[in-house]
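Colleague: Spelled out from the first residue to the last, the chains are:
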Amino acid sequence: MSALQTISSLIYLISAVCYVLGVHMMRSPKTARRGNGLSAVGMFLAVITIIVTIIVEGKIDAIGWVVLILGLALGILYGVVKARKVPMTDVPQLVSLFNAVGGGAAAVIGIFDYLLKGDGASLSIAFSLPVLLDVIIGGITFSGSLIATGKLSGHVSGKPITVPGARILNIIVVIAILASAWFMIGSPTNIWYVILALAMSLVFGLLMTLPIGGADMPVVVSLLNAFTGLAVAFAGFVINNQVLIIAGALVGAAGTILTLQMADAMNRSVANILAGGFGTGDSDTGSAADAVPVDVKETSADDIGLQLAYAQNVMIVPGYGLAAAQAQHEVAELAKVLTDKGINVNYAIHPVAGRMPGHMNVLLADVNVPYEQMKQLDDANPMFESTDVSLVIGANDVTNPLARESGNEISGMPILDVDKSKSVVVIKRSMSTGYAGVQNPLFSMDNTQMFFSDAKKGLQDIVASTKQYLE
Amino acid sequence: MSEELFTNLAIFVLSLLVGFEVMSKIPATLQTPMMSGANAIHGVVVVGAFVIAAEANSWVFYCLAFFGAFFAAVNVAGGYTVTDRMLGMFDRKPAAKKEDDQK
Chain Y
662 MSALQTISSL
672 IYLISAVCYV
682 LGVHMMRSPK
692 TARRGNGLSA
702 VGMFLAVITI
712 IVTIIVEGKI
722 DAIGWVVLIL
732 GLALGILYGV
742 VKARKVPMTD
752 VPQLVSLFNA
762 VGGGAAAVIG
772 IFDYLLKGDG
782 ASLSIAFSLP
792 VLLDVIIGGI
802 TFSGSLIATG
812 KLSGHVSGKP
822 ITVPGARILN
832 IIVVIAILAS
842 AWFMIGSPTN
852 IWYVILALAM
862 SLVFGLLMTL
872 PIGGADMPVV
882 VSLLNAFTGL
892 AVAFAGFVIN
902 NQVLIIAGAL
912 VGAAGTILTL
922 QMADAMNRSV
932 ANILAGGFGT
942 GDSDTGSAAD
952 AVPVDVKETS
962 ADDIGLQLAY
972 AQNVMIVPGY
982 GLAAAQAQHE
992 VAELAKVLTD
1002 KGINVNYAIH
1012 PVAGRMPGHM
1022 NVLLADVNVP
1032 YEQMKQLDDA
1042 NPMFESTDVS
1052 LVIGANDVTN
1062 PLARESGNEI
1072 SGMPILDVDK
1082 SKSVVVIKRS
1092 MSTGYAGVQN
1102 PLFSMDNTQM
1112 FFSDAKKGLQ
1122 DIVASTKQYL
1132 E
Chain E
306 MSEELFTNLA
316 IFVLSLLVGF
326 EVMSKIPATL
336 QTPMMSGANA
346 IHGVVVVGAF
356 VIAAEANSWV
366 FYCLAFFGAF
376 FAAVNVAGGY
386 TVTDRMLGMF
396 DRKPAAKKED
406 DQK
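Protein sequence lines, in the order shown, are assigned to chains Y and E.
Here our numbering runs 661 ahead of the position in the first sequence, where the first position is 1.
Here our numbering runs 305 ahead of the position in the second sequence, where the first position is 1.
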């Protein structure tokens, strides 16, 4: 081992330690930001090391420098601008986009080395197997994550899309992938084999993600994130670089656990989600026509303003509809109007409120809602008994009392005990069901009133009427 | 099996185990930032982009190296930036409140 190799290996080891400790620190809100910073330091060390290595080795030519610097500069510019500008409601699709390009980069490395080292000769299985896994997994996450991005941002329909004859198509694609694997491992290198493997993996990523409903996308994004980790680890095998192997495997394993926990928080199993066809993502957009004629009381913005103005304790229950309508500014304004007059306002936040677990906290923090007002499930539930008005905004399944009973889709799911408060106001676009497809008896209870409106518009009207009564 | 492959395989398996171990129960509040943080870490693929750029010697390889560098840079730079922004919202709370109080 040359001195350069020794030093670079040691620095890679330090950066690997930074990633592990960084992930460890991200488990607690107090240290999370420093954890991410530590992981970034590890990344910085790794990049400096590789820059020094290629300069000292001196193999890189002028065009190599140009394409490298151009690619990096454009990538950093695009990534940082996107990450700085993105509204907090759109973070899930951005993470998915970053995941897609990570998988793409891993696949590119596999293809590159296959073509470079192959040179018409037959390759050992020890080399071609990691290449194959790298290209296939990278390809799947690239196209799969792009579809997930599209579904979360609304460019692709959030509804489950099933291709006719999907099952047969899936089988054909899998056979084609296996065939390309057979050729790549056993035969002399040929550019068409790797193109076939890549193309089929891309198709497989599409077929895998399209049938899954928008509401399940966060779990899919997390799963594909773990996949990218593995693709990067295999890229590390291909170029014989341990820092890629360590970091990739770390993300692969940690991402898998995170995926299971997210699915758990959403009361769904990963297998169930991947089977697809469940949930439309934004069923609140359903027309009023699919409403079941249940006995509900409708109310107006004016009446809600009156109720809020004379309440002492108000609990706001934000849900998916609030995130989808981007109404977090309006809700924060309403809370401010009320707290300025001495009314207690708190937010009851279900673990999966918003677009993905923990997303609602981020959205509310973004509009300066004080951290003490955000009550998590276990803290919020005992407070409902002394709550005068619960304002449910675009939430459905997470408030459904049916979850306490057995024998339905949401049995056993942890819910917010909204029905225990003195009065409940539900702001919702229509009577359609939530993504579990279950009717919610909360809506027809005696102390519940419905206000059919888009969350943003409805809240603006309520703020106006509340101000009027408070002055 | 070559010694090199065996070493890499051992590193891979042990890193998987570390990954499983380090990821115990995550509070739901932190799941989204954690996913984003893990996403940034696999941006280490950018190291691989440097490696292939150094070996490129014809236009096919230059093209591949360009896309590898571009994709990896988006992943690593964007990933850390957006994660930091998200987490910054958790700990800037006390400061933001003080400003409001002064008003």
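Rather than coming from a laboratory, the hints here were simulated on the basis of the structure.
All of these numbers come straight from a predicted model, not from anything done at the bench.
Some clues are possibly wrong.
Claimed, not checked - Think about it this way: if two alpha-carbon atoms lie no more than 30 angstroms apart in a straight line, the pair counts; the simulated DSS-like pairs of lysine-lysine are:
1) Lys330/E to Lys1118/Y
2) Lys746/Y to Lys820/Y
3) Lys820/Y to Lys691/Y
4) Lys1118/Y to Lys1128/Y
5) Lys1036/Y to Lys1128/Y
6) Lys1002/Y to Lys330/E
Colleague: Confirm or reject each hint.
Modeller: Okay, the hints, checked on the actual structure:
no.: 1; hint: Lys330/E to Lys1118/Y; in the structure: violated, 38 angstroms
no.: 2; hint: Lys746/Y to Lys820/Y; in the structure: holds, 28 angstroms
no.: 3; hint: Lys820/Y to Lys691/Y; in the structure: violated, 38 angstroms
no.: 4; hint: Lys1118/Y to Lys1128/Y; in the structure: holds, 16 angstroms
no.: 5; hint: Lys1036/Y to Lys1128/Y; in the structure: holds, 25 angstroms
no.: 6; hint: Lys1002/Y to Lys330/E; in the structure: violated, 40 angstroms
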